[in-house]
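So the protein lines, in turn, are chains A, B and C.
Under the numbering used here, residues 1083 to 1425 are what the first sequence spells out, in order.
Under the numbering used here, residues 1083 to 1425 are what the second sequence spells out, in order.
Under the numbering used here, residues 1083 to 1425 are what the third sequence spells out, in order.
Since the hints were made in silico from the structure, they are not lab data.
Predicted model only: the values in this text are computed from it and were never measured.
Any given hint could turn out to be false.
Since copy identity is lost for identical chains, a pair holds within one copy or between any two.
Claimed, not checked - Computed list of lysine to aspartate or glutamate pairs in EDC-like fashion (alpha-carbon distance at most 20 Å, straight line): (1) K1410 with E1422; (2) K1140 with D1157; (3) K1370 with D1352; (4) K1410 with E1218; (5) K1283 with E1311; (6) K1370 with E1316; (7) K1283 with E1316; (8) K1236 with E1218; (9) K1239 with D1257; (10) K1370 with E1279; (11) K1140 with E1311; (12) K1131 with E1148; (13) K1200 with E1215.
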Amino acid sequence: MIQAISLSEILKLFPDSRREGTTCFTEIRGIASLDASKPGDLSFLGNLKYRLQVKDSKASVIFLPENYTGLPHNDQLFIYMHDPSVGITEICKLIEKKHKASLNDGVHPRAFVDETAKIPPSVSVGPFSFVDENVEIGAESIIESHCHIGKNVKIGKRCRVYPGVKILAFCELMDGVVLNAGAVIGSEGFGFNQVGEAHNKIPHLGKVVIENDVEIGANACVDRARFEETRIGEMTKIDNLVQIGHNVKIGKGCLIVAQVGISGSVTMEDNVVVGGQAGFSGHIRVGKNSKIAGQAGITKNVEPGAYLKGNPAIPVQLAHRISILQRKLPELFDRFSHIEERM
Amino acid sequence: MIQAISLSEILKLFPDSRREGTTCFTEIRGIASLDASKPGDLSFLGNLKYRLQVKDSKASVIFLPENYTGLPHNDQLFIYMHDPSVGITEICKLIEKKHKASLNDGVHPRAFVDETAKIPPSVSVGPFSFVDENVEIGAESIIESHCHIGKNVKIGKRCRVYPGVKILAFCELMDGVVLNAGAVIGSEGFGFNQVGEAHNKIPHLGKVVIENDVEIGANACVDRARFEETRIGEMTKIDNLVQIGHNVKIGKGCLIVAQVGISGSVTMEDNVVVGGQAGFSGHIRVGKNSKIAGQAGITKNVEPGAYLKGNPAIPVQLAHRISILQRKLPELFDRFSHIEERM
Amino acid sequence: MIQAISLSEILKLFPDSRREGTTCFTEIRGIASLDASKPGDLSFLGNLKYRLQVKDSKASVIFLPENYTGLPHNDQLFIYMHDPSVGITEICKLIEKKHKASLNDGVHPRAFVDETAKIPPSVSVGPFSFVDENVEIGAESIIESHCHIGKNVKIGKRCRVYPGVKILAFCELMDGVVLNAGAVIGSEGFGFNQVGEAHNKIPHLGKVVIENDVEIGANACVDRARFEETRIGEMTKIDNLVQIGHNVKIGKGCLIVAQVGISGSVTMEDNVVVGGQAGFSGHIRVGKNSKIAGQAGITKNVEPGAYLKGNPAIPVQLAHRISILQRKLPELFDRFSHIEERM
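Please build the complete structure, drawing on both the sequences and the hints.
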């Protein structure tokens, strides 16, 4: 997605920075790591352990920490700053903003927007997207191609909804929400009444509410609640292919890595970090600031601040100790047989 | 998805029920649990352990078991019945029916239906859905937006196909099937002939058959068979993000929780229950009425009625016993060293 | 997807083969295993352990190894060949080619192709697919329905892109790539800068490059790199619902089974085989020709040729030995208590 950015735009972002050297490139063509850069690229020294790579880097512009010593090559510009990683992120945001702006074309002629939907002119709706009755979308939100925005859905300001996302009827997104491609918001919950051998469906009439600045990964699924709401708290980030069951409540600032599964009616408090492919049984409470290792299986309430691993999950230090001892089981069984023989 | 329902409609469903109190709300605005209800809501006492919540509930109408004692507040109506949970499900079905009816609009002008497709007038096809050659769809089925219904696909009566579902060529759905958003039916099987270091693709020319009243979750995938069919038996319910490999046969009335993976040519008999994220190796048989715990790894045939856990999977009671003993390994190693010293 | 194929087409593929018997079926209606075949079907003896099934098979045409002894029934044709499995694959390819040809209709009137896109006439674009600015697609590629082909995407020759695939801006497919339905290529990477309690998004401006003859499963996700590229090497096959993180490099000829998760910046060398639901921590190197068992959790570098299992992963033989000993833990604890009593 790298797009050209002019050197003058870069310099304008860091007006007071110290500089060394010059480059004939007036347009930067890409950003790359120090060792992968080619002439025309911008690079940066984000971590001092890579300092020796600066000397051999072919990048035309390099962001460096203020205490870096060393001189640019011919046709190479050094720009010094407090934190080059932050500097690069500023550049990336500028590029991303340009890219995003290019999507802001209003409603595409091949989109279908119901006449009852309320969409301000700053909203973009991509080709083949469908916006159903009574939908409300806030200013500057971007709905890309092939999205389904169901009846009575509410979408806040500055949201970004990538291609092929389905937001089913009555669900709500607050401001600044990002939904990656193919995510499904508001699928039916997996709840059945067992009557003899039949599983009779329980209708799910609730909704999903996604708070400010939440991001949800590609092809992830969030089920609607039975009556009330499934809720994802502010600033929580959810990775690709994650499953969130009906009536789940997730707190603020959680990080949930790819392919995690959270069963129905789980309550997860704030700032929980969950490693990839971990799973949670239904109806449990996961305390704030807890940390769950990848592939862990959580079947009981988790204390705030706990750090658990394994299935059944145990504190991570105990888990590591047991892992080491398990590898010694063959030896233990042998030693044990020796002792039995001598008794 | 809660939609208003009039009090008179509710009362008509329970004509002979005993009642206590009155409410000025002639329209119910939502269903909620006892403690979350607001004036205008309908609530219910489904489990006696919550009986103390009735007194403080702000719901305007409450369904109660016949033996409940206690009086309604001002502007509150109690309706007594044999099983309030069943009563609520009746109400939910009524609401769902209304919601579903609002989708029955026939073929949307922005859909594309091939002229050879056979679709009775009671079928609904949403915007941007594509129905290919020789497709047959049964009465009262709803195909929502952005669906791909491939060549020669057969869909039964009263099916519900949510937005963005892809049913690829030659696959078949019987009656009452529900496919949640983004599900893929009939993807290529993962089968290759190893020739030297190359993996040569094996074409997959079979199909998928989904029997009556099966439900399949959002973004779940069911691969087509190599020649014949992958088959999902009557009344089986499959959750979100589940993977069903080529040539798998699943029996009737199974429950398969989210993110389970079933490899190619597995045969699963009737009424098996599989916990989330469990995985099955290919070509095995899983006996009827067996139960597989979440995250279990099943690599061998499973006896009917077995209850397995872990990877490699073992009977659940043994697994629990071993889990407890594993946590005692540090202690065991210590005790063992003491003994060795004393010998 | 089985389609009729005439007997004369079959015979033309094996002109010099020895034959026995005749059939009145001039059209073959399907391919099936020996025991499931019906009159009109083609079957084959691919594995000698099924030789006894030939005698009872109702197939009208059977491919047999040259050393098979036994005679056809009435109205049954035997065709002898070196390797009947290879013979069937030839037939399947013929059928698949016909099926594929029926998709080559050029750009569907309900597709939307930007005027700057470069698409030769042999390319097919299905209904409701969107091809954005500056896209380039190579000869004979098929883009099915509901696909999103983002800005500046490059697609090689003879690719097959199934319905509902999203290829986001700037990503590249080389020749012969197959993307199954619902796959997402180029979603945002899951990378955030922790600033106090906030997770600030790191923009992902890189791309995804998919080399020749790669196949990717339904609803799988491949994240774009932060700056440079996420890359999938030639001939690698990736199954359904797999997650590939940002900046991952996967070598040539790998096989990655369903629901595997590969975290950001992993390097996987050539010819690695990964069982279903395995997971990889970020920033590790997985050596060539290594094998990872299903559900394994890989948190450290893997040596070339290693075969690992479990979480934490250990060599598969040690893992099997430990599994057996774990099941003996109850017995060991008992034996141990006896010894302690006697000391």
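Checked hints:
Proximity of K1410 to E1422 under the C-alpha cut-off of 20 Å is found in both arrangements, the shortest distances being 18 Å within a copy and 16 Å between copies. Taking identical chains as interchangeable, the C-alpha atoms of K1140 and D1157 lie at most 20 Å apart only when both belong to the same chain, with a minimum of 10 Å there against 74 Å between chains. Within a single copy, K1370 and D1352 get their C-alpha atoms as close as 5 Å, which meets the 20 Å cut-off; across copies the closest is 41 Å, which misses it. For a Cα distance limit of 20 Å, the shortest separation of K1410 from E1218 qualifies neither inside one copy, at 62 Å, nor across copies, at 58 Å.
Only within a single protomer do K1283 and E1311 lie at most 20 Å apart by alpha-carbon distance; the minimum there is 18 Å, versus 27 Å between protomers. Taking the closest pair of Cα atoms, K1370 and E1316 come within 20 Å of each other only inside a single copy of the chain (14 Å); across copies the shortest separation is 42 Å, beyond that limit. In this homomeric assembly, K1283 and E1316 come within 20 Å of each other (Cα to Cα) only across copies, at 14 Å, whereas the closest approach inside a single copy is 32 Å. Taking CA atoms no more than 20 Å apart as the test, K1236 paired with E1218 passes inside one copy only; the shortest distance there is 5 Å, against 35 Å between copies.
With identical chains, the CA atoms of K1239 and D1257 are at most 20 Å apart within one copy only, with a shortest distance of 5 Å there and 41 Å across copies. Taking the shortest alpha-carbon separations for K1370 and E1279, only the inter-copy value of 13 Å comes in at or below 20 Å, while the best intra-copy value is 40 Å. In this assembly of identical chains, the alpha carbons of K1140 and E1311 lie at most 20 Å apart only when taken from different copies (18 Å versus 54 Å within one copy). In this homomeric assembly, K1131 and E1148 come within 20 Å of each other (Cα to Cα) only inside a single copy, at 15 Å, whereas the closest approach across copies is 65 Å.
For a Cα distance limit of 20 Å, the shortest separation of K1200 from E1215 inside one copy, 9 Å, qualifies, whereas the shortest one across copies, 28 Å, does not.
In terms of the numbered hints stated before, the structure departs from hint 4 and from no other.
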